[in-house]
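For this one, chain A is given, so just place chain B on it according to the hints.
The primary structure of each chain is shown beneath.
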Amino acid sequence: MELLVASGIGAMTAAGVYLLLRARTFPVIIGVALLSYAVNVFLFATGRLAVHRPPVISDDAAGYTDPLPQALVLTAIVISFGMTALVTILALRAYLECGTDAVDTPELDATAQEWGIQTGPAGEAAEAERR
Amino acid sequence: MSLVLIALLPFAGALLPALMIRAGRNACALSTGAVTLTALVLLLAEAPAVLNGEVVQNRFDWVPLLGLQATFFLDGLGLFFAGLILTIGLLIILYARFYLSKDDPMGQFYVFLLLFQGAMVGIVLSDNILLLLVFWELTSLSSFLLIGYWKHLPEGRQGARMALAVTGGGGLAMIAGMLILGDIAGSYDLTTILQQREAIQASPLYLPALVLILLGCFTKSAQFPFHFWLPHAMAAPTPVSAYLHSATMVKAGLFLMARMWPVLAGTEAWFYLVATTGLVTLVVGAGIALFKDDLKALLAYSTVSHLGLVTMLLGFGTPMAAVAAVFHILNHATFKAALFMTAGIIDHETHTRDIKRLGGLAGLMPVTATIGIVAALSMAGVAPLNGFISKEMMLEEALHTPWAGNPWILPALVALGALLSAAYSFRFVAHVFLGPKRDDYPHHPHDPPTGMWLAPALLVAAVVAIGLLPALVAGPLVALTAGAVIGGPLPDYYLSLWHGLTPALGVSLLAVLGGLVLLWRHRPLEAWWLALPRPEAKRLFDRGVEAAATICQRTTEALHDGSLRRYLAILVTAVLLVGGGAFLQGGHGAGTRPMLTAPVLPVLAWALLVGACLSLVLLHRNRLLALIATSVVGLTVSMAFIYLSAPDLALTQISVEVVTTILLLLALNLLPKRTPLDSSLPRRSRDGLLAVLSGLGAGALAFAFMTRDFETISDYHLAQSYPGGGGTNVVNVILVDFRGFDTFGEIIVLGIASLAIFALLDGALHGPALRRLSNWQPDQRRAQDLHPLMLVVATRVMLPLSIMVGLYIFLRGHNSPGGGFIAGLVVAIALLMQYMASGFAWAQQRMQLNYHGVMAAGVIIAGLTGIGAWLAGRPFLTSDFGYVTIPPLEKFELATAMGFDVGVFLTVVGSVMLALANLSRVFRRTEGPVSDRPMDIDPSLDPRTAGRS
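Read top to bottom, the protein sequences are chains A and B. When we follow this note's numbering, the leftmost residue of the first sequence carries the number 80, and every step to the right adds one. When we follow this note's numbering, the leftmost residue of the second sequence carries the number 43, and every step to the right adds one.
Everything labelled a hint here was simulated from the structure, so no lab data went into it. One or more hints might be untrue.
What the hints assert, rightly or not - Residues from chain B that face chain A, not an exhaustive set, calculated with beta carbons under 10 Å:
1) D729
2) M748
3) M832
As the list claims (entries may be wrong) - Simulated coverage check for chain B against chain A, where a stretch passes if three residues somewhere in it have a Cβ under 8 Å from a Cβ of chain A:
4) 679 to 691
5) 795 to 808
C-beta: ideal position from N, C-alpha, C; glycine also.
The shape of chain A in the complex, shown without the other chains (with noise of 0.2 Å):
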């Protein structure tokens, strides 16, 4: 069994860090997705694995598995969903307002001609100028 959860958290981390590595927003916000995923199973298993054993106190319970992680890790889900839906609408927002959803900066002078910066020695006597 630790060696399926062990081995599910890899497939997890390696999927998300391979999406996270792509140049498109949408692929690196699943990625974000899949390593809370990862490490909230991974927090979650530093209490170790029990089968049948919820924290819930009954008289019949035969023991309990560690709560404390499991505490940790609901507050940790619920904060992914935030920064998830945060990362997905800075997304949404740059793509409505670049037209594009690269995640690299463009080159600088494509930007600054886009902007309507003069760049170079011309870019800074106007600016000498403004001074």
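Okay, now just chain B, sitting in the frame of chain A:
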């Protein structure tokens, strides 16, 4: 306590001039003077004790864990320097009142001056070397402000920057040196360190510590080859030059060498490092000073030379040389501050400092000329002034000191230095004050008001008094100070003008005569000097700074080139390297904890998970497929949680999964549906390698600890959950009770995230984003029915049921799996489905809930529940519970934690709804005609008009 007060008074008092400037310039100067005077009086009140041989100490712990105590002590050396700093400070304040023009912000000047004064006093009174370092850096910072006081002058700004770079750089070296020293001595207290001479000098770390500390001292005291910043710092107003660059700050390095003298001096390394540096500085400074035409530059290089002289004396390491050093520090402070002030007066009156444009001032400004000439003659070492006596003592010492076995080299160079300094002093007298009156001064000069010449006059009075009656006027002070420097019995000496016909007197006479000859032959010499190739320090420095800036820029641009992929690749690689390194260094073996068996079902789930991950990597360019695969992963994780005894996690994961998928689907509606292939094969291979290594690392790490036993603090939580928290669901009790503060912080974070989302989406309704939205063309075929009948009916029927389920999950949360988080998510999903089914317009009309308000109410309720504990005199978020029976319901539990959970519930509902409802608000902009009907078949055919017709 009064020592602390003396050191802190200037800092606290620095507020005063800033306020008093509103009451006028006199009030401002007076209040500044009052602060300094108070500190001086407090200091003098301690003086009798010090004169009796006591060491006054004050201490209180500041950061005890770091060995950082705010400890102050006052011995002879500290008294001497603190007295010097405060007395000359007082004179400078007087002088500056008349020097600064009406356009200069005087309040600011006095603020900086007091800050500097506090830092200097702090240095000389600190008993803890870490505290000393803090004050040391503060002098660098405050002198930066003072040098750059005339912000409109580029020389001022550049000089300030250079001074900060050089002295600050030296300060960094000194921090390292001091830490090593403290480490050797086992204490950061100076009084302890000073008693460990043998241990420190025997340590193998003695030399590194010495070199590093000396770097700090040499940069601060402008020793060769770091002397170049001092002349550039002369761009400062003259009071600053007189105070910082003659009397105090540049003496900080000398002070520290004197302070450390008992433990560091006396070794060969000390002699060759310190005495040689001092000697070279002495000669080089004097040589350059002779050929400077700017009065302040001449004085600056002369200061460099005199600082070198004192450094050399300290470097000799003999008690007698230490006495001479202390005495010369005093003498130099008096005549050099007076000279700077004289230069300031000349500048002020004639509007030039160029020696070539001056001359003949003696008749025009007799008072100033008297002051200037007496001070300059003292600098030249002419009897019967104080400069003569200490120079005699220095020569006497130098004549007996061989250098590397050679008895001639050091005396010869010292004699040369003395000769050169006599020459530039005579030049100062002859070319400025003597000679015929001219008629081409830029401004016709006459003596300034009394207030301006009073301060230098007082200093010159001291110059003469010490010169005539050295033993009476300065004797006790020098003895006291030198005793503190040496830390042992004083050598046999007496301060007097006349020591008989000694070799030193011969050298002195020679220097004076030689100086006169050089003055006579100045013009041809100058021509020769100007033809010499000389390294321009400023240009070298600027080039060095430029090179450093270029390297930094290149490095930054290479690492930080705007490519997120590169940053992430670097990050992943770094994590892999750190993790891999740790793995290779540590030992590793198989775990001992027995593993659980794996039945068929988990193996199937595992296969599903790994398959989904694999297909994600392979098919991720089809974004809808990727989303589905992600959901599969999420649901498998939830199943794993159920199987592995974590029902709460499973519930949370499933509900979060639903919300996330809805969100991503909505976003995908506007984003491109496919990812283009824009990575090359090598790049993909590299990423693949990084990914596989990361996966292997994470998996192996997880496996390693899962197969080992561990200790947990959870037994307490399990035992106390019911008796202490009143609930049997331990996870929920931990969340709302044991670790409630965590949860409180977390719901706030969630709220902030959704507010950020709101802001991002709200901003999308303006500018280019709005244009793009309005012109948006659906990139795939759309269904005919925008609001499908089945979906609408089903969600409507489900709504009350879902809310009921939500409430149920909420209420049972304390004792069974459930709670505020999960309930909040379930209710939010039920509400969201209405938006999904019938569109934004329709849903918004019927749900006029202010989601900001819901969210805020949640946070406030949770906070108030926590504060409620205060009313019962308990710490924040302490919970209480009891059981109540309301007929016809069963007896049920009511815990304050429930109120907290209500807060969590409301925050989650509010945040999720705020985010997603606003997302659908944005989509509304992409749609053409808006239908507010709950369900419709064809948007082009309005059913209302269709029904009527």
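Quiz item: Quick check: which numbered hints come out false for this structure?
Solution: 3
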